[in-house]
Amino acid sequence: MKRIILSAIIAAPMLCLAGGFQLNVQGVKAIAMGGAFTGIGSDASTVFFNPGGMSNLQGHNVTAGFSFITPSVSLQTPETANINQTSPNATPFHVYYSGQLTDKITLGFLVNNQFGSVSSFEDDWQGRNIIQNISLKSFMFQPTIAYKIHDKVSVGAGFVYGLGTFSTEKAVPVGSATTTEGQARLEGSGDGVGFNVGVFSNIYSIKKETSTTDFKLGVSYRSKIAIDLTNGEAVFKDIPVSLQSKFPAKTGFVSKLTLPSVFTAGFSVKHTKNEKYSIEFAYDLNLTGWSSYDTLAFDFENSDTPDSKTTKDWQDVLTHRFGVDFTYKEKYSVRLGAYYDNSPIKDGYLSPELPDATQLAYTAGLAYKVNDMVSVDFGYIRQSAERESSLDAAGFTAKYRRKVNVFSLGVNLKFGAPKAPKIEDAN
Amino acid sequence: MKSLKYIGLGIVALGLFSCTKTEYEEFDATNGGAANFTTYIAVGNSLTQGYQDGGLHNEYNQQDNSFPAIIAKQMGTSFVQPTVKSADGSGYRKLLSLAPNITTVAGVSGWNNWDKNAKYNNLGIAGVKLTDCVPTAGDPFSPTINQVVTSGNPFGNFLEFGVPLSTPPVSYLEYVKQSSATFFTCWLGNNDVLGWATAGGDNGTTTIPGLGTLNLSELTPVSVFRVKYDSILDAFQAMGAKGVCATLPDVTSIPYFTTVPHNPIPMDAATASQTNSAYTSYNGGLDSYQAGGAISAAEVSRRKINFTASSSNAIVIEDESLTTLPGLPNIRQATAADLIILPASSDIGRQLDPSNPASIYGVGVAFADSLVLTEAEVAEVQSHTNMLNNEIRTSASNHGVALADMYSYMFELQAGMTFDGVEYGAKYIEGGAFSLDGVHPNTRGYAIIANKFIETINSYYGSNLKPVPVQNYRGIIFP
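Protein sequences appear in the order of chains A and B. Numbers 1 to 427, taken from the working numbering, label the letters of the first sequence in order. Numbers 1 to 479, taken from the working numbering, label the letters of the second sequence in order.
Among the chain A residues that face chain B by a calculated CB cut under 7 Å, a handful are: (1) Gly127; (2) Ser176; (3) Pro240; (4) Phe396.
Hints in this document: simulated from the structure, not taken from any laboratory. Where is the CB? At the ideal position from N, CA and C, for every residue including glycine.
Looking at chain A on its own, in the form it has when it is part of the complex:
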């Protein structure tokens, strides 16, 4: 466990990969299938996507993976062409465990990065008084339990402990004879708690002599998590002497960051033709409660330092996710997907650190089952979006172009389960 936390810290930073600063790289199979997994529940990542789905998994299951995200963002203002945002490559990761305790009860645990955002610009870029650098990282830890109510219906619930760190830098527009501008750096970390619940149903199966068609449904809800940044530290530098009481070398601050709730309803249909092939279609609908992110405020300890309050006024958004999996001989899989993601950021509130846009993104993936114990997944996401909008409160307008490629690799381990029955043996 210690190593996992350590690697988690090395794994950061990361960046937004869905509306707002939500990451959607929590399972490599899901990545390849447009992020639709709430109604699939076929590997341990269901601890995250739908805890109710854990009851489907026999024995002990581990799913672990990471993503390599390479974003590239550039913008153009009325004054300046070609401002490049420096978005570092990010490698968020996930580890899931699900283990059957009894026929009815399954226990699970997860560690992953669900929210994050990193971006930076040249220190002297035009919008430096809005943002120079920002980094937001979060780590979630979730012990989980699932209970099989009935052969067709199971429920699950998890307690979520979230850790967040935040840092940002921007220029302070005051100059002296020796300096042209000051700089503020704010850093803080904090934690918060929430929960994750889900219901999973193998609602219907059509069994024929040589084929089976399974219909599955899932509903899950992840609560919002308020991360209290109680120990923030602000550092001001290059401030003219006469203004140093206002912007002291160091002062504390408090802030709060609300990570939004996500409600998901999804289903899947899987048609299996004996040992030959299977084809699976999945759809998820997410409702992300971004309206909880209404303001971002920093209250400084030093009473002369002007407190900062930014109205975000984000809106709740829907995301549609589609995915298809084709598996040949239970060994080789090819996956395709897409998702249509609405931006929570209204026109007039689009800030250069997070140039989010409503967009259609495409996904793809491959999987290979080495043996009954080990399988590997590869996933890919391609995002490409453009948007022209303003941040009215800052008097800033820009045209943004953003492209992101994500490459993900995951491994699934399965042990302690009875050997997978042959299709014809099933019943």
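Following the hints, put chain B in place on chain A, whose structure we already have.
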């Protein structure tokens, strides 16, 4: 082992995609639209010359970044300015602490030793009035008067107006006619109202031997303004130049008139009663004149002086518009409608005679008329500004040139503007856009003004000049 294949595949794919760039195309080359920016000439006064902090100086490229110089850079055209020869230039004001404690840096002698043969694009002259730029038709003395006034102005020394006086005088208008401009900005006229206003509503009367009496800061009559403004635009029209004219800001939108409060005098009960007793005979005298029918009850109540135990007593001011009453001074306490000029801030509460505690300025001794723009004078200067602006609008429209409405824009600035995350306003020092003299913008303020001109030029002529990022220019230099 086979899984390695997929990792390998991933790495290959990664290599392919990581080269992706998302750069935008560069902006189009500057396109003048219906305008031609080959030779840009700026006419105007201190605002055009790049004056700020009470002087023309270049310590941090202040003059280099005059608003027309910023515009010219965006036009991509060469622009020659009569730049001061040293950082200190004519001298300027400098912030020593946030108290605010401001000192004046001495000017350098010879700062205005410009090459009079150079062909300048920036013809702005600090302090010049439109009425001094153009000889008055039918007035044989006018060219000489103009010559004397403009020649006597060191900020105009880069042009030869005809010195010694025996040579035929050359008017500012002549220089406009010789400028061969293809494009111009004209922001003349501010001093035709502002000079009177900054003098506290005073004509600045002076006598020049042989020429008679001149009113250096009087409000230029509208009819005179109209003819002279037209003749400037006629001159540009004659050479086929397109351009943009700017309206004059209202004095109440600049910190010079809005910074010093009318009621800054703190007093305890004992001092108030002592001060009031000193005004007993003045207040009683007003009552007697009212009883005799010389003044109205309304004037009496306006003039009676009364201090209270409070932190916000109004200062006592002279007001020439009050009825003259033998034996009584024309004084009253200021109201919020009276504007105290910025340089008077250090006079408030000053004991004029160190040995006489009753000589505190604004309490025992009335503020001089020249330090206060009284309510009536404010109304007069506002109405005059509106009339002159109407002339500017009409003239610009008649000559088919664009109009930058700086009158409205300065009120917008007063209400607050935000550029790239930085807020600006018209408040002294804190507002961030005005320089330490409270009248002229600082370099960021000039960038804001340049952007307004650029916006106006683009929308009128269909050109595509880029605005500038305001924060890339220097703001107030804090100690």
